[in-house]
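Trainee: Following the hints, put chain P in place on chain A, whose structure we already have.
Number of protein chains: 2
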Amino acid sequence: MADILHRVGIKSPINEVYKALTTREGLAGWWTSNTQGEGNKTGDVLQFRFGAGGFDMKVIGLQPPAQVLWEVIEGPEEWIGTKVSWELKQEGDYTIVLLKHQDWREPVEFMHHCSTKWAIFLISLKSFGETGKGAPDPNDVKIDNWN
Amino acid sequence: MADILHRVGIKSPINEVYKALTTREGLAGWWTSNTQGEGNKTGDVLQFRFGAGGFDMKVIGLQPPAQVLWEVIEGPEEWIGTKVSWELKQEGDYTIVLLKHQDWREPVEFMHHCSTKWAIFLISLKSFGETGKGAPDPNDVKIDNWN
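Protein chains in written order, with the working numbering: chain A, 11 to 157; chain P, 11 to 157.
The following block holds chain A by itself, in its conformation from the complex (with noise of 0.2 angstroms):
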């Protein structure tokens, strides 16, 4: 098993942190604009599309504003069964996000790509934090030729 982690700490209230990690309204604000379904509450699903496919996201842990847990549930077969984990916690002026997706069954090259992709993610989610305006999918920065 191999995880992915990341580290980013945004200049806004924690409060408002967590929000954009469990509304519809915050998740299109910086991962991807297509984005449906709720994500407050436990069981809740959450649907992620991008151009070429996308997820499905149970959540399966909530602790306001302090976690964030999801299980992917339908998506790239290398997706299916990992489990995204948000740990916040305040830090002087910065919010600072944890982040780990977590139970890939290998370090596939997919993975790498992943991986570059959810700290381009990341700092748009600082920016949706600090600014108000992220850039969210499509309007995220391509990394490679996978996008």
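Hints are not guaranteed to be accurate.
Said to hold, decoys possible - Which bits of chain A does chain P cover? Going by a derived footprint, with three or more residues having C-beta under 8 angstroms, they are:
id : segment
1  : 11 to 25
2  : 63 to 71
3  : 131 to 143
What the hints assert, rightly or not - Just some of the chain A residues that point at chain P, by a computed CB distance under 8 angstroms:
id : residue
4  : 113
5  : 117
6  : 155
Don't read these hints as lab results, they were simulated from the structure. Quick reminder that beta carbons are idealized off the backbone N, C-alpha and C, glycines included.
Mentor: Quick look at chain P alone, frame taken from chain A:
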């Protein structure tokens, strides 16, 4: 043991990208302006310095233009003994770069930070390869309260 993985695609010839990873001028163009030493022979040592500190890397493997392998011999305790592996290959117009920063002893919070920061510098490498201008330290994108 835990690894940081990333993938970028750079619209630049593979030999140019290899040069950006094995020459002082190249490395100073996208990672840190304060780069000393040499990186194009096995046994060479590169010294990367940032505001707060830095790393020394020993070149332990080279296969031009496809592979570069460094071992961290000086720097933050968590980095010492880890390896940084670069794999390059051509795919259409792109030179694909696979980065592995391998053998972290524990998936500590600092590893989360370094993972996101690697992505930032890979985007800088991409920009350096495609336009001749990267964003090396001290002009790098800041991601959190650790910089």
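Trainee: For each hint, tell me whether it holds in the structure or not.
Mentor: For each hint, the structure was consulted:
{"no.": "1", "hint": "11 to 25", "result": "holds (count 8)"}
{"no.": "2", "hint": "63 to 71", "result": "violated (count 0)"}
{"no.": "3", "hint": "131 to 143", "result": "holds (count 3)"}
{"no.": "4", "hint": "113", "result": "violated (13 angstroms)"}
{"no.": "5", "hint": "117", "result": "holds (6 angstroms)"}
{"no.": "6", "hint": "155", "result": "holds (5 angstroms)"}
Hint violations for this structure: numbers 2, 4, all remaining hints satisfied.
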